[in-house]
Amino acid sequence: MERRIAVLKERASGETRVSATPETVRKLIGLGGSVAVEAGAGLAASIADEDYRAAGAQVGTADQVLAGAQIVLGVQAPDAVLLAQAAPGAWVVAIHDPFGRRERVDALAAAGFEGLAMELMPRITRAQSMDVLSSQSNLAGYKAVIAAADIYGRAFPMMMTAAGTISAAKVFVMGVGVAGLQAIATARRLGAQVSATDVRAATREQIQSLGAKPIFVENVAGIEGEGAGGYATEMSDEYQRAQAELVSSHIAKQDIVITTALIPGRAAPRLVTDAQIATMKPGSVIFDFAAPQGGNVEGTVPDQVIERHGVKLMGFANTPAQLPADASALYARNLLNFLTAFWDKEQGGPVLDDEIGEAIRLTRGGQVVHPRLLG
Numbered sequence: 001m002e003r004r005i006a007v008l009k010e011r012a013s014g015e016t017r018v019s020a021t022p023e024t025v026r027k028l029i030g031l032g033g034s035v036a037v038e039a040g041a042g043l044a045a046s047i048a049d050e051d052y053r054a055a056g057a058q059v060g061t062a063d064q065v066l067a068g069a070q071i072v073l074g075v076q077a078p079d080a081v082l083l084a085q086a087a088p089g090a091w092v093v094a095i096h097d098p099f100g101r102r103e104r105v106d107a108l109a110a111a112g113f114e115g116l117a118m119e120l121m122p123r124i125t126r127a128q129s130m131d132v133l134s135s136q137s138n139l140a141g142y143k144a145v146i147a148a149a150d151i152y153g154r155a156f157p158m159m160m161t162a163a164g165t166i167s168a169a170k171v172f173v174m175g176v177g178v179a180g181l182q183a184i185a186t187a188r189r190l191g192a193q194v195s196a197t198d199v200r201a202a203t204r205e206q207i208q209s210l211g212a213k214p215i216f217v218e219n220v221a222g223i224e225g226e227g228a229g230g231y232a233t234e235m236s237d238e239y240q241r242a243q244a245e246l247v248s249s250h251i252a253k254q255d256i257v258i259t260t261a262l263i264p265g266r267a268a269p270r271l272v273t274d275a276q277i278a279t280m281k282p283g284s285v286i287f288d289f290a291a292p293q294g295g296n297v298e299g300t301v302p303d304q305v306i307e308r309h310g311v312k313l314m315g316f317a318n319t320p321a322q323l324p325a326d327a328s329a330l331y332a333r334n335l336l337n338f339l340t341a342f343w344d345k346e347q348g349g350p351v352l353d354d355e356i357g358e359a360i361r362l363t364r365g366g367q368v369v370h371p372r373l374l375g
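If you read the sequence shown in the UniProt record's numbering, its first letter stands for residue 1, the second for the next number, and so on.
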């Protein structure tokens with residue numbers, strides 16, 4: 001029996017992405033599933049309903065596409081009340097934000113759905129193609145630099161003209177994960193003079209490989225490798241003080257600062273204080289990638305440009321959603337890769353029961369089951 005897969009229109013404010021594209025719809029049908037897409041789901045990502053129909057999907061209202069669905073795909077997880085027409089025990093595959101939206105997880109459990117949080121995908125080799133955080137952060141790192149350049153008011157590359165020479169912009173990237181590395185690469189492509197820092201000593205070579213200058217605390221030990229699951233972790237008070245001194249001496253010379261530090265399940269660490277902002281040159285720009293998680297920068301307000309001490313602070317509430325077509329294409333492929341990896345032809349659908357399942361499963365059998373949400 002084929003599995004019915006429902007693709008919902010996103011309801012969160014400012015969410016422009018969609019969880020399936022015509023390309024992935026065709027491939028899901030090729031696996032043996034049937035796909036139903038809510039009308040208008042792809043419009044913000046420049047995908048018309050007719051494009052989905054041409055790929056073989058049914059298009060209808062939310063109740064119509066959810067009727068009997070065993071798998072529900074979303075970008076941001078829908079509320080349980082919307083899923084009333086879905087099959088009992090249906091998978092809800094999406095970004096769930098389980099630590100920020102615990103009540104939604106509890107509601108999914110109470111309704112009997114199996115919530116699968118794609119943002120908890122373990123950073124292991126065989127799961128790389130399913131890693132939604134990496135694909136979305138890659139685009140976000142690019143967009144952060146482009147957005148900062150747009151409001152900077154000066155050129156990025158050095159320009160030599162008959163009227164004189166324009167110096168290259170100085171860009172400082174704080175946090176060298178996927179987003180930070182793409183920000184470095186983008187700023188370099190635009191011709192900026194780039195430096196970067198991170199708490200993980202292993203990123204020094206990555207920074208240098210992109211042609212940027214590494215800025216590191218030298219006299220206090222940081223993290224030699226990666227933190228748990230490939231993410232950075234919180235540092236000692238001694239390291240934080242040393243880093244703050246280093247940043248204070250470096251940030252005053254910068255034109256653009258991009259901050260990208262996030263700690264899963266916790267508020268974003270504060271990297272730049274108001275006092276440090278005050279040392280920067282008027283007209284400088286700070287893009288705070290972590291604005292929706294409390295911000296790396298004191299005073300940042302999501303989706304607003306705030307001026308403090310002559311410095312412009314900005315950060316989007318949803319950075320990948322600023323590039324809806326590409327972000328949707330990559331996200332949809334992540335979901336396709338995930339479902340394909342576990343598709344069992346004999347069962348007529350995906351079967352999930354291994355270390356990846358343990359890492360991303362939030363609810364099952366009417367209970368919240370993820371270890372980090374228990375106790």
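If you are wondering where the hints come from, they were derived from the structure by calculation, not from laboratory data. Every value quoted in this text rests on a predicted model; they were computed, and no experiment measured them. Incorrect hints may appear among the rest.
No more than 35 Å apart at the CA atoms, straight line, and that leaves these computed lysine-lysine pairs for DSBU-like [to be verified]:
1) 312 with 253
2) 213 with 312
3) 281 with 312
4) 312 with 170
5) 213 with 281
6) 253 with 213
7) 9 with 27
8) 345 with 281
9) 345 with 27
10) 281 with 170
11) 345 with 9
12) 281 with 253
13) 253 with 345
Ranges between beta-carbon positions, derived for each pair [to be verified]:
14) 367 with 119: 18 to 26 Å
15) 191 with 40: 39 to 47 Å
16) 294 with 39: 33 to 41 Å
17) 13 with 294: 43 to 51 Å
18) 39 with 263: 37 to 45 Å
19) 304 with 213: 28 to 36 Å
20) 79 with 164: 42 to 50 Å
21) 46 with 162: 38 to 46 Å
22) 79 with 270: 29 to 37 Å
23) 218 with 13: 38 to 46 Å
24) 373 with 32: 31 to 39 Å
25) 294 with 29: 38 to 46 Å
26) 100 with 241: 27 to 35 Å
27) 245 with 46: 23 to 31 Å
For glycine and all other residues, C-beta sits at the position ideal for the given N, C-alpha and C.
A quick look at each hint next to the structure:
no. : hint                     : result
1   : 312 with 253             : holds (15 Å)
2   : 213 with 312             : holds (24 Å)
3   : 281 with 312             : holds (10 Å)
4   : 312 with 170             : holds (15 Å)
5   : 213 with 281             : holds (21 Å)
6   : 253 with 213             : holds (14 Å)
7   : 9 with 27                : holds (20 Å)
8   : 345 with 281             : violated (61 Å)
9   : 345 with 27              : holds (14 Å)
10  : 281 with 170             : holds (11 Å)
11  : 345 with 9               : holds (28 Å)
12  : 281 with 253             : holds (8 Å)
13  : 253 with 345             : violated (59 Å)
14  : 367 with 119: 18 to 26 Å : holds (21 Å)
15  : 191 with 40: 39 to 47 Å  : holds (41 Å)
16  : 294 with 39: 33 to 41 Å  : holds (36 Å)
17  : 13 with 294: 43 to 51 Å  : violated (18 Å)
18  : 39 with 263: 37 to 45 Å  : holds (39 Å)
19  : 304 with 213: 28 to 36 Å : holds (31 Å)
20  : 79 with 164: 42 to 50 Å  : violated (59 Å)
21  : 46 with 162: 38 to 46 Å  : holds (43 Å)
22  : 79 with 270: 29 to 37 Å  : holds (32 Å)
23  : 218 with 13: 38 to 46 Å  : holds (44 Å)
24  : 373 with 32: 31 to 39 Å  : holds (33 Å)
25  : 294 with 29: 38 to 46 Å  : holds (42 Å)
26  : 100 with 241: 27 to 35 Å : holds (29 Å)
27  : 245 with 46: 23 to 31 Å  : violated (47 Å)
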